[in-house]
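Number of protein chains: 4
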Amino acid sequence: MNDCQFSLEFKVRDYECDIQGIVNNAVYLNYLEHARHEFLLSRGISFAELSKKKINLVVIRTELDYKSPLRSGDEFSIEVNFEQISPLCFCFNQTIYKRPDRKLVMNAKVFGTGINEKGRPCIPEEIRKNFIELSN
Amino acid sequence: MNDCQFSLEFKVRDYECDIQGIVNNAVYLNYLEHARHEFLLSRGISFAELSKKKINLVVIRTELDYKSPLRSGDEFSIEVNFEQISPLCFCFNQTIYKRPDRKLVMNAKVFGTGINEKGRPCIPEEIRKNFIELSN
Amino acid sequence: MNDCQFSLEFKVRDYECDIQGIVNNAVYLNYLEHARHEFLLSRGISFAELSKKKINLVVIRTELDYKSPLRSGDEFSIEVNFEQISPLCFCFNQTIYKRPDRKLVMNAKVFGTGINEKGRPCIPEEIRKNFIELSN
Amino acid sequence: MNDCQFSLEFKVRDYECDIQGIVNNAVYLNYLEHARHEFLLSRGISFAELSKKKINLVVIRTELDYKSPLRSGDEFSIEVNFEQISPLCFCFNQTIYKRPDRKLVMNAKVFGTGINEKGRPCIPEEIRKNFIELSN
Chain A
1 MNDCQFSLEF KVRDYECDIQ GIVNNAVYLN YLEHARHEFL LSRGISFAEL
51 SKKKINLVVI RTELDYKSPL RSGDEFSIEV NFEQISPLCF CFNQTIYKRP
101 DRKLVMNAKV FGTGINEKGR PCIPEEIRKN FIELSN
Chain B
1 MNDCQFSLEF KVRDYECDIQ GIVNNAVYLN YLEHARHEFL LSRGISFAEL
51 SKKKINLVVI RTELDYKSPL RSGDEFSIEV NFEQISPLCF CFNQTIYKRP
101 DRKLVMNAKV FGTGINEKGR PCIPEEIRKN FIELSN
Chain C
1 MNDCQFSLEF KVRDYECDIQ GIVNNAVYLN YLEHARHEFL LSRGISFAEL
51 SKKKINLVVI RTELDYKSPL RSGDEFSIEV NFEQISPLCF CFNQTIYKRP
101 DRKLVMNAKV FGTGINEKGR PCIPEEIRKN FIELSN
Chain D
1 MNDCQFSLEF KVRDYECDIQ GIVNNAVYLN YLEHARHEFL LSRGISFAEL
51 SKKKINLVVI RTELDYKSPL RSGDEFSIEV NFEQISPLCF CFNQTIYKRP
101 DRKLVMNAKV FGTGINEKGR PCIPEEIRKN FIELSN
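Protein chains in written order, with this note's numbering: chain A, 1 to 136; chain B, 1 to 136; chain C, 1 to 136; chain D, 1 to 136.
Misleading hints may appear alongside valid ones.
Note that identical chains are pooled: a pair holds if it fits in a single copy or bridges any two copies.
As the list claims (entries may be wrong) - Under the rule of at most 30 Å between Cα atoms (straight-line distance), these lysine-lysine pairs were calculated in the BS3-like manner:
(1) Lys109 with Lys11
(2) Lys129 with Lys103
(3) Lys109 with Lys98
(4) Lys67 with Lys11
(5) Lys129 with Lys98
(6) Lys67 with Lys129
(7) Lys11 with Lys53
(8) Lys52 with Lys103
(9) Lys98 with Lys52
(10) Lys118 with Lys53
(11) Lys109 with Lys53
By construction, these hints were calculated from the structure, which means they are not laboratory data. In this text, all values refer to a predicted model and were calculated from it rather than measured experimentally.
Required output: the full structure, derived from the provided sequences and hints.
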């Protein structure tokens with residue numbers, strides 16, 4: 001393990017692969033989201049609970065660099081680092097490595113913000129306390 | 001209609017929406033892929049047939065800007081323009097608009113290349129003839 | 001067209017196909033759900049609106065007979081008939097046919113009920129008026 | 001653990017949940033497929049490798065009884081038992097339990113057969129050796 005803030009292990013499931021026999025390009029966004037939500041949970045924040053309170057974390061921009069494909073049976077890990085970009089924007093830097101050789105699969109930047117009950121952009125208190133203030 | 005090279009109409013399906021009641025961020029990549037493949041088909045190129053011949057079109061980079069969410073029942077269209085970037089890289093510029101008011105939903109750039117039977121990057125003959133030479 | 005209560009047309013999207021080059025067996029449940037929800041909409045019932053009112057239509061049993069596979073580019077239609085089974089249970093009989101030759105793809109029975117705000121089984125008023133009483 | 005032939009543990013991922021806040025009914029077929037393929041792998045059979053050899057295992061009928069829903073964050077296990085039904089048909093009996101209290105989530109029967117290179121139904125040698133003969 002290295003010094004990322006959070007890491008999660010996965011195994012490719014066959015239904016995630018497409019006609020080409022590789023994981024479909026959209027499925028990586030599923031993987032990345034699950035890793036982010038588990039990262040949030042590891043700091044006490046439930047995406048589902050937040051959304052019940054009408055506080056929605058939303059993705060505003062995604063950059064994905066596909067470096068090598070994943071195939072049936074492959075095991076991989078996703079490493080995640082949180083970064084504050086501006087008062088109303090944060091970014092999850094996420095990297096996917098195949099196991100056990102750490103071959104690079106994907107570099108991803110997922111930019112997000114919060115939307116409060118009134119529909120206005122905000123950084124939810126939970127994110128501020130558990131991510132932003134911790135890193136200062 | 002405007003002067004894009006290709007346009008396809010969709011309607012949100014409920015299973016594509018998540019806990020927040022909006023289309024999940026990964027589903028947009030499904031929409032974008034389907035629009036590209038129909039664009040290819042409109043010029044006589046079948047993604048599935050290509051992949052049977054071991055010629056694989058692959059995505060190497062994606063940039064997605066989420067501008068406003070789609071919800072249950074929304075109708076929308078995806079407009080697509082092909083652009084050659086370099087000898088071995090092309091880009092599909094894709095924009096999603098909600099109908100009927102053309103509210104902007106997403107701007108996307110999807111960069112791709114081809115991989116031939118030997119695993120080497122290439123621009124497949126079919127792409128060259130039907131996209132690149134046509135635009136010169 | 002024949003004398004079913006509702007029919008909806010689809011086209012296979014490539015991301016719905018798996019390693020075997022055919023539509024993955026789970027995707028049929030997506031198709032069937034979308035056809036049912038459009039059937040409901042055609043009678044003025046929005047699944048999403050119902051669920052906002054804490055009235056949830058839920059599937060309790062599904063029987064699927066896979067007769068022949070769908071592949072990339074196939075066009076098909078889903079025919080739906082509603083049937084009341086018991087005071088608290090209804091069934092959507094759904095059949096998938098490939099177009100244009102009406103080759104049988106799947107026979108499906110999807111049994112459902114409603115769950116009211118208190119978590120108790122019920123037949124929502126909307127279903128009673130627009131489906132059950134109409135067929136008496 | 002009890003005396004099933006194979007068991008696999010899962011955790012619900014948020015993108016698998018729909019507007020109602022519960023795992024979408026189609027996603028259970030993904031879970032069930034992944035459990036079956038891991039069961040096959042545990043006996044040395046790769047679904048992906050089989051399909052490269054043009055030997056396809058296919059689902060011909062599915063019966064699903066939804067007993068209670070899964071939600072964001074739920075952990076569950078799927079227990080699988082193989083049963084030969086007739087010379088050309090086998091069945092995977094699969095049960096989903098929520099953890100840690102083993103609340104019943106779903107009973108499923110998934111009937112399948114093999115299709116050989118010539119498109120004819122068959123029981124692949126690999127299934128015969130590792131499942132059928134073992135149970136005699």
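Against the structure, the hints come out as follows:
1. Lys109 with Lys11: This pair counts as both: shortest intra-copy Cα distance 22 Å, inter-copy 25 Å.
2. Lys129 with Lys103: So Lys129 and Lys103 fail the 30 Å test inside a copy (34 Å) and across (35 Å) alike.
3. Lys109 with Lys98: both (18 Å within a copy, 26 Å between copies)
4. Lys67 with Lys11: Close inside one copy (18 Å) and across copies (28 Å); limit 30 Å.
5. Lys129 with Lys98: neither (32 Å within a copy, 32 Å between copies)
6. Lys67 with Lys129: Answer is between: at 27 Å across copies they meet the 30 Å cutoff, but 34 Å inside does not.
7. Lys11 with Lys53: between (32 Å within a copy, 23 Å between copies)
8. Lys52 with Lys103: between (39 Å within a copy, 24 Å between copies)
9. Lys98 with Lys52: between (35 Å within a copy, 22 Å between copies)
10. Lys118 with Lys53: Close inside one copy (12 Å) and across copies (20 Å); limit 30 Å.
11. Lys109 with Lys53: The answer is within: 27 Å in one copy meets 30 Å, while 34 Å across copies does not.
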